[in-house]
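Chemist: Sequence:
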Amino acid sequence: MVARAGEVIENPVTGERMTFRRTRDDTGGAELEVELELAPGAFLPLKHVHARQEERFTVLAGALRFSSGSATTVLEPGATVAVPAGTPHAWAPAGGDGARVAVLFTPALATELFFESFFALARDGKVNDKGVANVVRMGQLGRAYDVYLAGPPVALQRPVFAALDLLGRLLGYPRLPR
1 MVARAGEVIE NPVTGERMTF RRTRDDTGGA ELEVELELAP GAFLPLKHVH ARQEERFTVL
61 AGALRFSSGS ATTVLEPGAT VAVPAGTPHA WAPAGGDGAR VAVLFTPALA TELFFESFFA
121 LARDGKVNDK GVANVVRMGQ LGRAYDVYLA GPPVALQRPV FAALDLLGRL LGYPRLPR
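In terms of this note's numbering, the sequence shown has 111 at position 111, counting the first letter as 1, and numbering is strictly consecutive.
No lab work stands behind these hints, which were simulated from the structure alone.
Source: prediction; values computed, not measured.
Don't be surprised by glycine CBs; every beta carbon is placed ideally from N, CA and C.
Don't take every hint at face value.
[As the list claims (entries may be wrong)] What follows is a list of derived Cβ distance ranges for each label pair:
{"#": "1", "residue 1": "T80", "residue 2": "G125", "range": "33 to 39 Å"}
{"#": "2", "residue 1": "K47", "residue 2": "P107", "range": "20 to 26 Å"}
{"#": "3", "residue 1": "L156", "residue 2": "E76", "range": "35 to 41 Å"}
{"#": "4", "residue 1": "P153", "residue 2": "Y173", "range": "24 to 30 Å"}
{"#": "5", "residue 1": "K130", "residue 2": "A155", "range": "35 to 41 Å"}
Please model the entire structure based on the sequences and the hints provided.
Modeler: Put into C-alpha coordinates, the structure is as follows:
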(Lines of atoms letter the chains of each structure in order from A and count residues from 1; the text may use other names and numbers.)
(Lines give C-alpha, C1' and ligand atoms only; values in the text may rest on other atoms or scores of the structure.)
Protein backbone atom coordinates (compact mmCIF):
# COMPACT_ATOMS: atom_id res chain seq x y z
CA MET A 1 0.00 0.00 0.00
CA VAL A 2 1.24 3.52 -0.76
CA ALA A 3 0.09 6.30 1.53
CA ARG A 4 -1.68 9.28 0.03
CA ALA A 5 -2.16 12.75 1.49
CA GLY A 6 -5.38 12.76 3.50
CA GLU A 7 -5.30 9.01 4.23
CA VAL A 8 -6.03 8.11 7.86
CA ILE A 9 -4.80 5.01 9.68
CA GLU A 10 -5.36 3.93 13.28
CA ASN A 11 -3.58 1.80 15.83
CA PRO A 12 -6.27 0.47 18.21
CA VAL A 13 -3.70 -0.81 20.71
CA THR A 14 -1.55 2.30 21.18
CA GLY A 15 -4.37 4.86 20.76
CA GLU A 16 -2.87 6.64 17.74
CA ARG A 17 -4.77 8.00 14.77
CA MET A 18 -2.52 9.24 11.96
CA THR A 19 -3.39 11.46 9.01
CA PHE A 20 -0.82 11.67 6.23
CA ARG A 21 -0.39 15.35 5.29
CA ARG A 22 2.49 15.05 2.80
CA THR A 23 3.99 11.73 1.73
CA ARG A 24 7.36 10.83 0.27
CA ASP A 25 5.75 10.86 -3.18
CA ASP A 26 4.46 14.40 -2.59
CA THR A 27 7.92 15.66 -1.55
CA GLY A 28 10.17 13.62 -3.83
CA GLY A 29 11.37 11.69 -0.77
CA ALA A 30 12.52 14.81 1.11
CA GLU A 31 9.92 14.65 3.91
CA LEU A 32 6.98 12.82 5.39
CA GLU A 33 4.50 14.95 7.33
CA VAL A 34 1.77 13.40 9.48
CA GLU A 35 -0.66 14.58 12.10
CA LEU A 36 -1.14 12.35 15.12
CA GLU A 37 -4.26 12.38 17.23
CA LEU A 38 -3.41 10.71 20.51
CA ALA A 39 -6.21 9.39 22.67
CA PRO A 40 -5.90 9.90 26.43
CA GLY A 41 -3.63 7.07 27.54
CA ALA A 42 -2.04 6.67 24.09
CA PHE A 43 1.53 5.43 24.17
CA LEU A 44 4.54 4.60 22.08
CA PRO A 45 5.46 0.92 22.45
CA LEU A 46 9.22 1.37 22.78
CA LYS A 47 11.85 4.08 23.06
CA HIS A 48 13.46 4.04 19.64
CA VAL A 49 16.02 5.53 17.27
CA HIS A 50 15.73 6.62 13.63
CA ALA A 51 19.26 5.95 12.39
CA ARG A 52 19.09 8.28 9.36
CA GLN A 53 16.20 10.67 10.02
CA GLU A 54 15.40 13.79 11.95
CA GLU A 55 11.96 13.72 13.56
CA ARG A 56 10.33 17.06 14.45
CA PHE A 57 7.28 17.31 16.73
CA THR A 58 5.00 20.35 16.98
CA VAL A 59 2.21 20.18 19.56
CA LEU A 60 -1.07 21.44 18.09
CA ALA A 61 -3.42 20.69 21.00
CA GLY A 62 -3.15 19.07 24.41
CA ALA A 63 0.29 18.36 25.84
CA LEU A 64 3.00 15.86 24.99
CA ARG A 65 5.34 14.19 27.48
CA PHE A 66 8.53 13.84 25.49
CA SER A 67 11.61 11.83 26.45
CA SER A 68 14.92 12.15 24.62
CA GLY A 69 18.08 10.59 25.97
CA SER A 70 17.72 10.85 29.75
CA ALA A 71 15.64 14.07 29.76
CA THR A 72 11.84 14.21 29.93
CA THR A 73 9.80 17.35 29.35
CA VAL A 74 6.18 18.32 28.78
CA LEU A 75 5.50 20.22 25.56
CA GLU A 76 2.50 22.56 25.39
CA PRO A 77 0.64 23.74 22.25
CA GLY A 78 2.95 25.63 19.90
CA ALA A 79 6.10 23.96 21.22
CA THR A 80 8.39 22.23 18.73
CA VAL A 81 11.22 19.81 19.37
CA ALA A 82 13.58 18.29 16.80
CA VAL A 83 15.12 14.88 17.38
CA PRO A 84 18.38 14.43 15.45
CA ALA A 85 19.04 11.14 13.69
CA GLY A 86 20.41 8.52 16.08
CA THR A 87 18.82 10.03 19.21
CA PRO A 88 16.71 7.70 21.40
CA HIS A 89 13.26 9.12 22.10
CA ALA A 90 9.69 8.32 23.15
CA TRP A 91 6.51 10.28 23.79
CA ALA A 92 2.96 10.06 25.14
CA PRO A 93 0.17 12.55 25.76
CA ALA A 94 0.52 14.40 29.06
CA GLY A 95 -2.67 14.88 31.05
CA GLY A 96 -6.06 13.32 30.50
CA ASP A 97 -7.14 15.02 27.28
CA GLY A 98 -4.93 13.35 24.71
CA ALA A 99 -2.99 15.44 22.21
CA ARG A 100 -2.72 16.41 18.57
CA VAL A 101 0.81 16.62 17.17
CA ALA A 102 2.33 17.41 13.77
CA VAL A 103 5.33 15.19 13.04
CA LEU A 104 7.85 15.79 10.25
CA PHE A 105 10.37 13.12 9.19
CA THR A 106 13.40 14.29 7.16
CA PRO A 107 14.16 12.54 4.85
CA ALA A 108 10.96 10.55 4.33
CA LEU A 109 12.64 7.18 3.66
CA ALA A 110 9.96 4.44 3.84
CA THR A 111 8.49 5.66 7.13
CA GLU A 112 4.91 5.78 5.86
CA LEU A 113 5.22 2.08 5.00
CA PHE A 114 6.50 1.40 8.52
CA PHE A 115 3.39 3.01 10.02
CA GLU A 116 1.05 1.23 7.61
CA SER A 117 2.71 -2.13 8.39
CA PHE A 118 2.90 -1.59 12.14
CA PHE A 119 -0.66 -0.29 12.49
CA ALA A 120 -1.91 -3.21 10.35
CA LEU A 121 -0.27 -5.68 12.75
CA ALA A 122 -2.12 -4.01 15.63
CA ARG A 123 -5.45 -4.03 13.76
CA ASP A 124 -4.93 -7.73 12.94
CA GLY A 125 -4.31 -8.61 16.60
CA LYS A 126 -0.64 -9.44 16.01
CA VAL A 127 0.78 -7.27 18.81
CA ASN A 128 0.56 -7.64 22.56
CA ASP A 129 -1.20 -5.20 24.90
CA LYS A 130 2.00 -3.13 24.98
CA GLY A 131 1.79 -2.68 21.19
CA VAL A 132 4.77 -4.93 20.45
CA ALA A 133 4.79 -7.68 17.80
CA ASN A 134 6.79 -10.88 18.24
CA VAL A 135 10.57 -10.57 18.15
CA VAL A 136 10.87 -11.86 14.58
CA ARG A 137 8.37 -9.34 13.21
CA MET A 138 9.91 -6.49 15.23
CA GLY A 139 13.31 -7.38 13.79
CA GLN A 140 11.85 -7.38 10.29
CA LEU A 141 10.19 -3.99 10.87
CA GLY A 142 13.42 -2.51 12.21
CA ARG A 143 15.49 -3.81 9.33
CA ALA A 144 13.03 -2.86 6.59
CA TYR A 145 12.42 0.66 7.88
CA ASP A 146 15.70 1.58 9.64
CA VAL A 147 14.07 1.95 13.08
CA TYR A 148 15.90 0.52 16.07
CA LEU A 149 15.54 0.13 19.81
CA ALA A 150 17.10 2.76 22.06
CA GLY A 151 19.74 0.17 23.02
CA PRO A 152 21.94 -1.78 22.40
CA PRO A 153 23.85 0.21 19.75
CA VAL A 154 22.37 0.21 16.25
CA ALA A 155 25.56 -1.42 14.90
CA LEU A 156 24.80 -4.48 17.05
CA GLN A 157 21.08 -4.51 16.24
CA ARG A 158 21.57 -4.50 12.45
CA PRO A 159 23.00 -8.05 12.16
CA VAL A 160 20.47 -9.37 14.69
CA PHE A 161 17.60 -7.81 12.73
CA ALA A 162 19.03 -9.27 9.50
CA ALA A 163 19.01 -12.74 11.09
CA LEU A 164 15.46 -12.22 12.36
CA ASP A 165 14.40 -11.10 8.87
CA LEU A 166 15.84 -14.30 7.38
CA LEU A 167 14.11 -16.37 10.06
CA GLY A 168 10.82 -14.62 9.31
CA ARG A 169 11.14 -15.41 5.61
CA LEU A 170 11.91 -19.06 6.45
CA LEU A 171 8.80 -19.13 8.66
CA GLY A 172 6.71 -17.76 5.78
CA TYR A 173 6.08 -14.24 7.12
CA PRO A 174 4.97 -11.90 4.34
CA ARG A 175 7.67 -9.54 3.08
CA LEU A 176 7.36 -5.96 4.27
CA PRO A 177 7.04 -3.32 1.55
CA ARG A 178 9.99 -0.95 1.21
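Chemist: Could you run down the list of hints and mark each one as holding or not?
Modeler: Right, here's what the structure says about each hint:
1. T80 with G125: 33 to 39 Å: 35 Å, holds
2. K47 with P107: 20 to 26 Å: 22 Å, holds
3. L156 with E76: 35 to 41 Å: 37 Å, holds
4. P153 with Y173: 24 to 30 Å: Holds, since P153 and Y173 (Cβ atoms, about 26 Å apart) stay within the stated range.
5. K130 with A155: 35 to 41 Å: About 26 Å separates the Cβ atoms of K130 and A155, which means 35 to 41 Å is violated.
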